[in-house]
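Sequences and hints are given; from them, build the entire structure.
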Amino acid sequence: MTGVDDLPVRDELRGQSPYGAPQLDVPVRLNTNENPHPLPEALVRRVAERVAEAARDLNRYPDREALALRTELAAYLTRSTGVGIQAAGVWAANGSNEVIQQLLQAFGGPGRSALGFDPTYSMHPLISRGTGTRWISGPRNADFTIDTEAAVAALHEHAPEVLFVCSPNNPTGTAVAPETVVALHDAAQAAQAARGGRGALVVVDEAYAEFSHQPSLLPLLAGRPTLVVTRTMSKAFGAAGLRLGYLAADPAVVDAVRIVRLPYHLSAVTQATALAALEFAEPLLAAVEELKSERDRIVAELRAAGLDVTDSDANFVQFGRFDDVPAVWRRLLDHGVLVRDNGVPGRLRVSAGTRRENDAFLDAMRAVLKETAAEETTGITPTKETNQ
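Following this note's numbering, the numbering of the sequence shown begins with 125 at its first residue and continues without gaps.
In short, the hints are calculated from the structure, not lab data. C-beta atoms are modelled at their ideal positions from N, C-alpha and C, and glycine is treated no differently. One or more hints might be untrue.
Label-pair distances were calculated between CB atoms; the ranges are [what the hints assert, rightly or not]: (1) D181 / G139: 44 to 50 Å; (2) P263 / G144: 24 to 30 Å; (3) A166 / T126: 47 to 53 Å; (4) P407 / R184: 31 to 37 Å; (5) V128 / P263: 27 to 33 Å.
The following block contains the structure:
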């Protein structure tokens, strides 16, 4: 049987696996950082109304610039962060992944490189390779924060054309302080200038910003024309099935992305649905406070059980440490709870669900710890060291 590696695919794609998380039919699914709350019925009806309106013109191409949507996204960012954002500096696409892909198409590519701080969002290196951009793994501290001094040194060594900073970071949940972002931004520009370049694009991935204790990094855009902040409606808005991501940046960055975007990339139905969701931003974001409270409860209870838990500013929690991560993952699944193994040594990640789902996870985790202790299976016994 022919395999991918038997085909004339690009060398850097050989041996690579597509992005994916298990989609199993289990009672409690907490592995993909989804918002567990269904859309309110009033919004469902409004989506139906807007889509019906859009359907009358489906014989025509959609607005390829998505001007109405970009205007409302800019208004949402301005209201929620207090930073004046204009529609000309906002761009939308099919999920933040397509936004990242378009940025790499415009600013990365063959002969260019992108640097990020592993462990981080796995799509950053995957999309980099897919666009022919060389991926460079930057350093982190043991507590998963960014080692600023080491990171600046790496930037001067490699001078990447694109720098990714994920805040809060996926899968660790770690937020990045504004002063760290500024230091990395300045170092990336200096490194490029020293090699005769025109600067580096610095992408701050804020997919989980609404869940963070820390304010948005959007204020840093002022005076930094190569700084970009990406967002999504998948998480806080509870609209993962919509597939709508967006960025805020200098309008020149948007103009660059428009060069590489596919014609009419954002369907009329997607635009209509996103506009409906933005009408309900206030009640949707009210549910975020509940999820933040549940996340903090998960952190506290896992630590009380003797586990090492990373501080989280997102809607998920990274925990461990385990000598045999797959064994713990399987035991939790046997208890009807699906969490995520992201490949971080000794760690698993759980999304904050409803209170009932979180109770089921915590009960399952405590049961697994008791089972393994009773069996004296030291390979998956947690350490007592904690990460306060």
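Legend entry - Distance restraint hint 47 to 53 Å, applied to the beta-carbon atoms of A166 and T126: 51 Å, holds
Inset, instruction - Look at the Cβ atoms of P407 and R184 and judge whether their distance stays inside 31 to 37 Å. - result: About 32 Å separates the Cβ atoms of P407 and R184, which means 31 to 37 Å holds.
Legend entry - 27 to 33 Å as the expected CB spacing between P263 and V128, which holds or is violated: 32 Å, holds
Legend entry - Status of the given 24 to 30 Å range, CB of G144 versus CB of P263: With a Cβ separation near 27 Å, P263 and G144 satisfy 24 to 30 Å, so the hint holds.
Inset, instruction - For D181 and G139, compare the CB-CB distance with the range 44 to 50 Å and indicate the outcome. - result: 45 Å, holds
Violated hints are absent here; each numbered hint is respected by the structure.
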